[in-house]
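Go by the hints and put chain B onto chain A.
From first to last, the protein sequence lines stand for chains A and B.
Note that the numbering used here has the first sequence beginning at 1, numbered continuously upward.
Note that the numbering used here has the second sequence beginning at 1, numbered continuously upward.
Keep in mind that the hints are not guaranteed to be accurate.
If several chains are the same, the list does not tell them apart, and a pair holds so long as it fits within one copy or across any two.
For lysine-lysine, the following DSS-like pairs were computed, each having C-alpha atoms within a straight-line distance of at most 27 Å [unchecked claim]:
id	residue 1	residue 2
1	K149	K258
2	K88	K68
3	K188	K317
4	K149	K254
The hints are simulated quantities; they were obtained by calculation from the structure and are not laboratory data.
There are 2 protein chains.
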Amino acid sequence: MTLDKLNKSSTRTHFSKELKNLKIGSEIRVAGWIEDFRNIGKLGFLTLRDVTGATQSVLLGDNLVKAKTIPRQSSILISGTIQPTKSKNFEIEVLVKEIFVYSEATQTLPIDPTGRIESDLDNRLDSRALDLRNPKISKIFLIRSKVLKIIRDYFTLNNFIEVNTPKIIGSASEGGSNLFSFDYFKKKGYLAQSPQLYKEQLVLSLDKVFEIAPYFRAENSHTVRHISEFLSVDIEAAYLDYFDIMDIIEELIKLILKSLKESDCQMDFSFIQNKSFADFINSPFPRISYEQCIKDLEKMGEKINFGDDLLDSSLRKLGEKYNNFFFIIDWPINLKPFYIHEHDENPLLSKSFDLQFGYLELVSGGTRQHDINKLKSRLQNQGLSIDSFTNHLRSFEWGMPPHSGGGLGFDRLMMVLCNLSNIREVVLYPRDTSRINP
Amino acid sequence: MTLDKLNKSSTRTHFSKELKNLKIGSEIRVAGWIEDFRNIGKLGFLTLRDVTGATQSVLLGDNLVKAKTIPRQSSILISGTIQPTKSKNFEIEVLVKEIFVYSEATQTLPIDPTGRIESDLDNRLDSRALDLRNPKISKIFLIRSKVLKIIRDYFTLNNFIEVNTPKIIGSASEGGSNLFSFDYFKKKGYLAQSPQLYKEQLVLSLDKVFEIAPYFRAENSHTVRHISEFLSVDIEAAYLDYFDIMDIIEELIKLILKSLKESDCQMDFSFIQNKSFADFINSPFPRISYEQCIKDLEKMGEKINFGDDLLDSSLRKLGEKYNNFFFIIDWPINLKPFYIHEHDENPLLSKSFDLQFGYLELVSGGTRQHDINKLKSRLQNQGLSIDSFTNHLRSFEWGMPPHSGGGLGFDRLMMVLCNLSNIREVVLYPRDTSRINP
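Looking at chain A on its own, in the form it has when it is part of the complex (with noise of 0.2 Å):
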């Protein structure tokens, strides 16, 4: 091997994980940043690291000396043979036969990726790339794809078709409220914070339908729990009621725990606290209604009156009676948007849910109405205009059906499949009122 071909793609040919599962002797080349090097007498140990793990290489003669001029967190590649190794932490080793290197660090980095210096998280999303090479933030991105992955297999083996509504909108749906605006050749434009009117129109013909895709909301609120770009699951299907989305969500949500718990990501589901995973999987998740949480609520000494939303402290509450995962359902029809139907029996009540982890709303959903004049009471008793949307409602002449949906925020799915309390720790390049660059 010379070394000008090396910056082919040929070079590479494992991933440090890989090597383990290779025969002693075996020729390999790995490619990756060093994590740690260390000189003991006539040797060096290189420690290199990919996206996959860590791979420790074992320097002698003029290698060694080479690597000791090399800056850590370096970009390079290793030739070498896979050999046994004394060292605990790894299984194999890589006695080096060349080291080149593609890229040096500079010698003064703004944070520590190997994480033995913790840094607080704004140093670290001031420098989201370098952070990530520190495994235990990389997990977090590794997770998150995998489980984008399972919820699209899952809504595509169930016949929900994948949309892509847009997020440019002419006028500002569901009441309007924090939206940002933009002028858009001459028109107002604003950016959308769902795609509910969209995924409403769309069973008319699509019969089920999902997006998972970035929303904005211009909320000028700085919390642990909301930025103003995040990504949402929707769903909407034809001749579901909002249990029946329950079922979904459910089966969808311990199918990803189940998916995690028997994938190599070694989760912490510390969340679960007196059951076994299997009997938490086995549980339904409880359904609890608005009314029943504020009778619990009372025995607990809290007031609420009928039709006041709940509280971070009463949820954190009930996450407690009800152990973490709950639904809240047939909330206050004065409390939900103007879309969802109301109860049969009592119109004062609303067909619809929250699924809660704690204090946390992880999704929402219901029933939509689908009688066109019910709509435009609701819209005119919310005080909205009938008129801007009229594009909407429309739809509701051609034959709509009954119908149903809910919206799941992703980021706040991953703080607790993660363990985490900041949802910017798990958003690459999180965006608040603050916070706009990287």
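Coordinates of chain B only, in the frame set by chain A:
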């Protein structure tokens, strides 16, 4: 079965396309809309359509009387039994026991979704949900959903990690013309036109990444191949060069063509003119250098100066010569963005490629410059401010590996696959200089 229970998911037992596999005499319930109705003597023939296909149903007595009163396109459910049919268009038919109307369509519809009366594209887009009841139209979006899955599965299988980069950005990247801008919490925000800078930063740690997401261009031009919100398939990979990326793209496109050919989509691949499908799939896409293109065009009587861009008319001629799908490689560096790597032998050329389908640019990609000093020179040469790229350039000081990537215009690929000449046909709710609704 009582009809008051019909509004439950348990009502529908099958999709239309599943009925032909059932035994004669099976009891079923299907839901959908009335596509057609004919009354012949004491018999009524109602065609019910759902997203999977059409069902012929036969009505007698009271059911016939009722069916006569229901407007076409209304949303209905029928229950009945499978029986043999004399119809040439159906394999079985349903003898209706009960018919239930979910929602009536108005008598005068804005377009005819059976496709018998053609409507122009603008009218169709204004009534998109109804337009999608035409199976020729919904088929486009079923294919779209299928192709998205093929693409994601391919990248996942090849160790690409799915990422979500921000659509709201704080500085005008890549030169910065044609960006939508807006007020972002008292700062200036822009809508991303590509994930270019983010995906490059991410190879520092995640090695190989892909993203499929919407991007935005404020270009004030109205053509059949430009829209202001489009879906892009982006990849970026450490240690690969532009030939590797071309290999990946070519393999992916051929995989898509093969998968669709073998599916039940009945594709029209008439763009494959002089070859069998198998021959086409087994032949490599030609990779023609920009300089060869100039020579070819000169022979066709067209004079292009080195460094000039190729016009649509020239690209059409090359497309005819090279059988539609072909790569143009090694473009003059002055025609490519600052992040593209110059050629090793000739710095006037670049390690770049475009995948063309005739005059249509489907993919643009190349080997990236990973040397921070050369990157800075390129920025300066292009008249861009190094200061506005500070956040991006920092990551090139942290041991950036050599890397390459590309971006595929997904909507344009859909134009090719569906044999359609206007990009608005393959986008549910297209956005252009004059269209922002519905």
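Checking K149 and K258: alpha-carbon separation at most 27 Å within a copy, between copies, both or neither? Answer is both: 14 Å inside a copy and 22 Å across each meet the 27 Å cutoff.
Since the copies are identical, ignore which copy is meant and state whether K188 and K317 lie within 27 Å (CA to CA) inside a copy, between copies, both or neither. Answer is neither; intra-copy 44 Å and inter-copy 41 Å both fail.
Which holds for K149 with K254 at a C-alpha limit of 27 Å: within a copy, between copies, both or neither? both (15 Å within a copy, 22 Å between copies)
Between K88 and K68, at a C-alpha cutoff of 27 Å, which is it: within one copy, between copies, both, or neither? within (24 Å within a copy, 81 Å between copies)
Of the numbered hints stated above, the single one contradicted by the structure is hint 3.
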